[in-house]
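There are 2 protein chains.
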Amino acid sequence: MAKKKHAPKKFVAEKPKPVKLTPIDKSTLTKLEGLADKVVNAAMRGRDPFLDIPTRALSNVRFNKTKRYIEMGKNTNRRELFNLNQARSYMQTLLAGSGCKGLIDEGKTTSIRGLYYRMKHTIEGAKEETFNNQGESDAVIEDLEVLANSLREELHLYADKRGEMVGPIVLEDMGDEIDCARMGSGGYGIPSIVEPDRIKFKRCTADFILHVEKGTVWQRFNEDKFWKKHNCLLTHGAGQPPRGVRRLLHRMHNELELPVYCVLDNDPWGYYIYSVIKQGSINLAFESQRMTIPDAKFVGLRSIDLERCGLDMNVTIKMNDTDRKRAKQIMKYPWFEGKKRWQKEIEKMLQNDFKLEVESLINLGISYVTETYVPERLAEGDWLD
Amino acid sequence: MAKKKHAPKKFVAEKPKPVKLTPIDKSTLTKLEGLADKVVNAAMRGRDPFLDIPTRALSNVRFNKTKRYIEMGKNTNRRELFNLNQARSYMQTLLAGSGCKGLIDEGKTTSIRGLYYRMKHTIEGAKEETFNNQGESDAVIEDLEVLANSLREELHLYADKRGEMVGPIVLEDMGDEIDCARMGSGGYGIPSIVEPDRIKFKRCTADFILHVEKGTVWQRFNEDKFWKKHNCLLTHGAGQPPRGVRRLLHRMHNELELPVYCVLDNDPWGYYIYSVIKQGSINLAFESQRMTIPDAKFVGLRSIDLERCGLDMNVTIKMNDTDRKRAKQIMKYPWFEGKKRWQKEIEKMLQNDFKLEVESLINLGISYVTETYVPERLAEGDWLD
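Protein sequence lines correspond, in order, to chains G and V.
Residue 149 in the UniProt record's numbering sits at position 149 of the first sequence; the count goes up by one each step and never skips.
Residue 341 in the UniProt record's numbering sits at position 341 of the second sequence; the count goes up by one each step and never skips.
Note that these hints are calculated values from the structure, not bench results.
Just so it is clear, the structure is predicted and the values come from calculations on it, not from any experiment.
Only true hints are included.
Partial pick of chain G residues on the chain V-facing surface, computed with a CB cut under 7 Å:
(1) Lys-120
(2) Glu-129
(3) Lys-161
(4) Met-174
(5) Gly-186
(6) Val-315
(7) Ile-366
Each residue gets a CB set at the ideal place from its N, CA and C atoms; glycine is no exception.
Required output: the full structure, derived from the provided sequences and hints.
This is the structure:
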């Protein structure tokens with residue numbers, strides 16, 4: 001092929017294109033403007049402006065047995081402008097709202113770190129800074145999410161990208177049509193923002209989704225073309241899946257009615273990842289509704305696998321005190337508490353006093369996991385729920 | 001679109017396809033078999049078998065001023081079978097060689113963790129295990145690389161996948177043709193193994209490569225379609241780029257003759273990343289030849305940018321003791337030592353006593369970095385080298 005060796009061209013600035021707001025953008029703007037209107041209205045009526053912010057704390061989180069996910073309660077904290085202790089965070093909250101409005105108006109997105117840098121300045125006529133560190137700004141952004149009832153992604157904020165997908169699905173992503181069945185060994189890097197106005201499902205012939213914990217395991221499944229043989233989508237989240245991956249799984253599960261099977265390690269961390277995919281996390285309870293998959297199944301390694309698969313003791317990893325403590329905590333999660341099979345599973349893990357990683361199956365053959373272990377579990381309907 | 005809800009199908013095992021060895025595979029096998037032959041030959045001649053393993057230590061690493069990268073010296077350590085202190089690591093080295101031969105024979109790849117699990121077993125008739133932990137196995141794999149003069153990827157071992165690419169290049173990846181100009185917001189997930197037998201460059205019209213440090217910054221450049229406006233490839237390595245990203249950059253730089261520009265932070269870590277891309281790392285000096293890009297340019301943030309860009313002091317990050325120590329170390333790297341501009345740059349950073357992240361430019365506008373900062377540097381030829 002022809003070789004190139006050019007210096008970069010002189011750049012000529014283009015005129016910015018007019019921004020086309022999506023229906024989601026319009027709805028988010030309305031919510032943000034509603035917050036601003038409350039300030040104006042309070043001022044007009046000669047009242048002290050305030051915000052009632054839903055309490056993001058363990059005390060205000062509960063497991064909804066009907067919906068089968070963790071949700072926030074109704075407690076709120078009042079944040080007032082004319083209160084010496086609250087004025088700063090009140091101002092920060094409105095600043096974050098204004099920052100996100102600016103992003104939507106400009107048709108741009110940024111990271112929460114980016115928004116922090118954007119909002120950071122010295123307040124005019126004072127020596128005070130708007131934010132002293134990113135921790136302050138991150139907390140205020142989470143407040144804003146619940147306050148404006150908008151996902152972070154709808155506020156045009158993205159997280160770091162992790163996780164990939166391959167399989168028989170065609171997506172439209174920012175105008176490009178992407179066939180995830182033709183991605184080679186690389187895969188489609190799952191974006192951080194996968195809301196319906198940005199990512200559209202065009203065609204999908206898959207029967208289910210197989211979600212694996214780690215990128216290295218995903219590579220094994222992809223190289224063995226598991227997704228082709230079993231007609232499924234294959235995703236991973238590089239450990240604890242980031243928001244983009246969870247949201248995409250949620251959307252595909254609900255909009256395409258695809259069951260989700262998770263291949264995770266037999267250790268407290270693997271069980272915790274499953275729990276977050278299924279029921280949500282306590283920290284981000286506000287987002288459960290649009291993130292969790294209560295029907296997700298666990299087809300990962302099990303505490304009986306040493307015997308069942310005839311594995312050697314020397315591929316096990318001894319549990320430490322933290323592991324034991326975490327396992328006991330997870331057993332007591334309300335959504336595991338009522339489930340006999342999960343109780344037995346975690347009890348057996350504690351009894352074993354060792355952990356088993358998916359990779360340990362390699363001891364039985366490089367492709368044992370893709371050709372025997374997972375296919376057998378799926379065929380037998382042998383999963384934890 | 002039509003909705004689906006199927007249970008996974010019953011799996012019918014396929015007959016394994018005959019493995020087709022690539023020219024790279026054949027050459028790697030020859031090298032591995034050469035190692036095994038040495039054992040046989042020694043035995044036949046009644047001699048004690050041994051391996052001479054190139055020393056992987058600082059004392060055996062030097063900066064080659066002509067080649068402009070870090071390379072290994074010629075020192076070796078002898079590892080003997082009939083030596084009580086060396087028998088174990090001798091056996092482990094051959095076991096790793098045999099494990100990698102098995103992978104190539106089977107036409108499969110795995111992670112270094114996977115190979116560890118594959119090799120781990122209790123030695124027959126003894127209580128001794130082949131490997132006690134992955135640390136032992138990782139070190140032996142690095143020995144094998146230098147011993148067999150083969151990159152890890154040629155031994156069919158992969159690292160965790162990180163990093164993505166978009167831009168006007170069409171690749172062939174495991175038989176799929178991938179157009180990186182049609183990847184939406186997601187991007188092509190750069191594989192861990194990008195050797196020429198797996199990744200082929202089909203068409204490329206780009207003029208250069210812009211490599212950015214972090215995924216969040218990459219998202220900004222991708223959203224602003226920087227790569228379209230400036231006709232370049234846009235990559236990131238999620239921090240310190242993993243081997244796959246470094247190797248792909250190296251291949252594209254050399255085979256497609258594309259200059260590489262790096263957008264990194266103004267801090268010791270950013271400078272270190274640049275140093276590794278450009279001259280290689282001390283730990284992996286063996287691979288410099290096929291990984292480093294001595295001509296890579298630094299267009300990241302500079303110590304003069306507070307004044308030059310009119311940034312506010314409050315977007316700076318104070319240096320700590322570790323930062324100061326690292327900066328002084330980097331100043332003394334032989335490849336920075338002779339360069340006046342780099343010396344001035346790092347001296348000024350130490351004088352500033354603060355760091356500047358690429359994201360801090362957001363304070364001047366969401367797209368300041370993509371529309372002003374980087375285009376100006378490129379147009380003016382204003383980079384560090």
